[in-house]
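Asker: Order-wise, the sequence lines are chains L and Z.
Its first residue numbered 133, the first sequence is counted upward by one per residue in our numbering.
Its first residue numbered 1115, the second sequence is counted upward by one per residue in our numbering.
Simulated from the structure, these hints should not be mistaken for lab results.
Just so it is clear, the structure is predicted and the values come from calculations on it, not from any experiment.
Even for Gly, the Cβ is constructed at its ideal location relative to N, Cα and C.
Treat the hints with care, as some may be off.
Claimed, not checked - Some chain L residues near chain Z, calculated using beta-carbon distances under 8 Å:
1) Gly174
2) Val175
3) Val179
4) Thr345
5) Phe357
6) Arg374
7) Ile384
8) Ala388
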Amino acid sequence: MNWFLIIGVIVFWLAAWALNVWLSNRYPESRIVKFFVPTLFGVTLLVLWEGIARGADIPPILLPPPSMIWVKLTGSLDILRADFVQTFLKSALAGYIMGCGAAFITALAIDRSPFLQKGLVPVGNFVAALPIIGIAPIMVMWFGFDWHSKAAVVVVMCFFPMLVNTVEGLRASEVMQRDLMHTYAGSYWQGLAKLRLPAAMPFIFNGLKICSTLALIGAIVAEFFGTPTVGMGFRISTEVGRMNIDMVWAEIAVAALAGSVFYGIVSLIERAVTFWHPSMRS
Amino acid sequence: MQAVLGMTKRLGMFTRAKGAALPVLTVVAAIFLIWYVAAAMMNLQWERDQAERAGAEFVLTDALANTMAQERPVLPAPHQVAVELWNTTVEKKITSKRSLVYHGWITLSATLLGFLFGTILGMTLAIGIVYNRAMDMSVMPWVIASQTIPILAIAPMIIVVLNAVGISGLLPKAFISTYLAFFPIVVGMVKGLRSPDALQTDLMRTYNASANQSFWKMRLPASMPYLFASMKVAVAASLVGAIVGELPTGAVAGLGARLLAGSYYGQTIQIWSALIAAAILAASLVAIVGLAGRIVERRMGFAR
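Chain L with its partners taken away, still in its complex shape (with noise of 0.2 Å):
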């Protein structure tokens, strides 16, 4: 026990904690206030976990303090980068383009049919409900033990969030809005492209951040079914078993990064194509 570096964390903790409630009553307008407390609330976690890490002597296997992860982390960029390869680029991207797609181009295929849509929507709601992970071993046997079936579990997973919003989105123009594209002796398919896929995107977007991290999550659960020796999943299960618990932390880093830049980029599209939307504006 080093009670001077547990005191001097909490000390730190209170002392961060002050500052954030000031900051926050005095300028809770600001952009860098906005920014900055988060931030540093962010920071003190860190350094709590450090410090009582250090401080109390919890043995690294359990729960290894953030330095050390790093220094793994950077010590292994090799073998992370092929697990990223392997589960983010192949299984997770690859999958969650198809399963979104074959959404997407599902619900416009039964976009002029309401009795297909009143019978899909309920049954998709049901569905996304579902645990559909528990689908990832029979996944595996079908489409073997490469990234193939890993794919193919995020494609099921992705699938019916997607086709629910987007069938909602591509109701949600309003009637007034359908009258004046109709007065305008537009198309059915004018109709689509110029009023209610733009009205679509935002219920859109919201399917495509469901997915974005439902995909993630299907890649690396998948992997504990069966794996080639690469991949987040197959090096989390492995490492756990060897008590790596800092590789396995490492692991986790690079998937929460992936996760949120991933998140983030999607939000950034929505972002450029849904400018006009009030929830933008603000």
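Please arrange chain Z on chain L, whose structure you already have, making use of the hints.
Answerer: Below, chain Z alone, put in the same frame as chain L:
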């Protein structure tokens, strides 16, 4: 955050979708039809190989009939799964290791515990976020960022590490469920607690209500519809967490263990029956939370 709000809205929708019985039944019937055709097509190859190996003549009609009754089919036909489900729930004793009720209960208990923790944690955080501006500004972005971390990927480590400290069994799985469940609750509850409009808060002020009174009499009741909508998402997420939490423990007990054991030994029918059981469990949990929500809303006078 938007994403989850969208989900909650939509989950609320599917319980209310009435007058859609015929289209839904048509779609479900179509799914079963596709399933049977796919089962026949995918299992046919094996029959063909068998016939070739035995040197027997390949008769398509016989082979097609056989595809519906293979022991380890590539894709089991729906009725095979149904028979397996019946055998492992009704025919077996509940205490038997082969009973799906036994495995389902293990998963369900972890789910419910995690859901309870998640709800409590989520409500506490939400109240803190609504009443403390510093917490709103510092915690809320991290709550959202926390969900871009694929927690399910960390599940094995949480289980193994907690095991090493001596915590095993129900709790580690419940923690994973908690992590998945608290997020929708925070987002929905914050929105709900902030839902009273200026007129209503002004009325509380003219009554000279204290912060405490306006919380119990205005904000908390107003948040109930939002809370229950998020709880539906949270309970479904808890179940996923509990199932994935069972994978790294090495296929001992629970629905996730059934999936893993099935994939080790190529027992496809067992995988599918565990999958359907999980689906039924998820649907019933969501339905129960929805029902509870409707009862609460009716007693509070929200529902018409």
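Asker: Each of the hints needs a verdict: does it hold here or not?
Answerer: Structure-based check of each hint:
no. : hint   : in the structure
1   : Gly174 : 6 Å, holds
2   : Val175 : 11 Å, violated
3   : Val179 : 14 Å, violated
4   : Thr345 : 6 Å, holds
5   : Phe357 : 5 Å, holds
6   : Arg374 : 11 Å, violated
7   : Ile384 : 6 Å, holds
8   : Ala388 : 4 Å, holds
When held up to the earlier numbered hints, the structure conflicts with 2, 3 and 6 and fits the remainder.
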